[in-house]
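So the chains spell out like this:
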Amino acid sequence: MGIEEKLPSGILLSSVEGVAGYFRKASMWPATFGLACCAIEMMTSGGPRYDTGRFGMEVFRASPRQADLMIVAGRVSNKMAPVLRQVYDQMANPKWVLAMGVCASSGGMFNNYAILQGVDHVVPVDMYLPGCPPRPEMLIDAILKLHTRVQTAKLGSHRVAEIEEQEQAAMAATPTSQMKGLLR
Amino acid sequence: MASLKEQMWDPVAGFGVTFRTMFKKVVTEQYPFDKKPTAPRFHGRHQLNRWPDGLEKCIGCELCAWACPADAIYVQGASNTEDERFSPGERYGSVYQINYLRCILCGLCIEACPTRALTMTNEYELADDNREDLIYEKNDLLAPLLPGMSQPPHPMLLGEEERDYYDGTAARRATAQAVDNLKEERT
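From first to last, the protein sequence lines stand for chains L and C.
Those letters in the first sequence? Residues 1 to 184, by my numbering.
Those letters in the second sequence? Residues 1001 to 1187, by my numbering.
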């Protein structure tokens, strides 16, 4: 039917979105946001034994402008929350957030007035990673799950429509701060 | 002017570390392609165990929820009836939820469990992209049905009363049944 059948063998076709997703996921640069013990495991993941360099992300950027993945590793205190939001705002689009460990994901065992009950109260989180702290394999697993999301991410007008749809869903959903029970 | 040693020997000595490393075994683990097993007693995802006939071991006592330092476990017990029996004895856990975004995998719940219903597996790939899916319900946590087990609710198959389950009679009967089945298969 289409152009595929007229091509000689050995030529691969793809969509622009597919190629862009492939490039994006293969060269993610994480911003360091190590706040507690999870940061030790995050550093180990970047080291020679677990080596996230195998997935094109060995270099941890200390400056948010050069990073596109923020790994929030550790408990976020209320005093740290505005700093975290500013670092997130300074990152260039497209950007992703990975909440590493239970403290970053939901506050974990620190259910008190000083600790933010999950970084999704201040920034949109793309991947939650349980564990206290998660072992480096768990972090790599979470990063790979995020990679599949990045691979299928949309571009241009599709992306605009997707953002609009997500915005509507987020407006309809109950705010995290009002949730009760285990979801809080 | 630098000495002859500084000019000639020191660069070689510095690169000596690099040179020696070339002959060492690579330490990198090829994680997603070649998964190394964890330590046998690694604290991973929980599991709710079953008796050999398929009845649940959980009795809904909430001791795990009380032991949990992170308030990650929610248990709601209910009474077994003669028509609808999920566990030997009076009570069973009708709602069992573990929030893996709170759970720190410390294992205090396992220590608290009086019937050894709650144990931990070595599974650790838990990451997900929303909070709801990381609250594991009872059907996510229950152990799979092994051969010889049947899905509750059903009456106690390995004893007349709950005492038989807790004093080991049920386990002996289950073993005897399994041995008999094997013998039948082989003859």
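In short, the hints are calculated from the structure, not lab data.
Don't take each hint at face value.
[What the hints assert, rightly or not] Lysine-lysine pairs mimicking DSSO-like chemistry, simulated, CA-CA at most 27 Å apart:
{"id": "1", "chain 1": "C", "residue 1": "K1036", "chain 2": "C", "residue 2": "K1024"}
{"id": "2", "chain 1": "L", "residue 1": "K6", "chain 2": "C", "residue 2": "K1035"}
{"id": "3", "chain 1": "C", "residue 1": "K1035", "chain 2": "C", "residue 2": "K1025"}
{"id": "4", "chain 1": "L", "residue 1": "K145", "chain 2": "C", "residue 2": "K1024"}
{"id": "5", "chain 1": "C", "residue 1": "K1024", "chain 2": "C", "residue 2": "K1035"}
{"id": "6", "chain 1": "L", "residue 1": "K145", "chain 2": "C", "residue 2": "K1138"}
{"id": "7", "chain 1": "C", "residue 1": "K1025", "chain 2": "C", "residue 2": "K1036"}
{"id": "8", "chain 1": "L", "residue 1": "K95", "chain 2": "L", "residue 2": "K154"}
{"id": "9", "chain 1": "L", "residue 1": "K79", "chain 2": "L", "residue 2": "K95"}
[As the list claims (entries may be wrong)] Not the full set, but computed from the structure, chain L residues with beta-carbon under 7 Å of chain C:
{"id": "10", "residue": "G46"}
{"id": "11", "residue": "P48"}
{"id": "12", "residue": "R49"}
{"id": "13", "residue": "D51"}
{"id": "14", "residue": "G53"}
{"id": "15", "residue": "Y128"}
{"id": "16", "residue": "C132"}
{"id": "17", "residue": "I140"}
{"id": "18", "residue": "L144"}
{"id": "19", "residue": "T148"}
{"id": "20", "residue": "R159"}
{"id": "21", "residue": "I163"}
{"id": "22", "residue": "E164"}
Glycine included, every Cβ here is placed at the ideal spot set by N, Cα and C.
Violated hints, by number in ascending order, as checked against the structure: 2, 4, 10, 14, 19, 20, 21, 22
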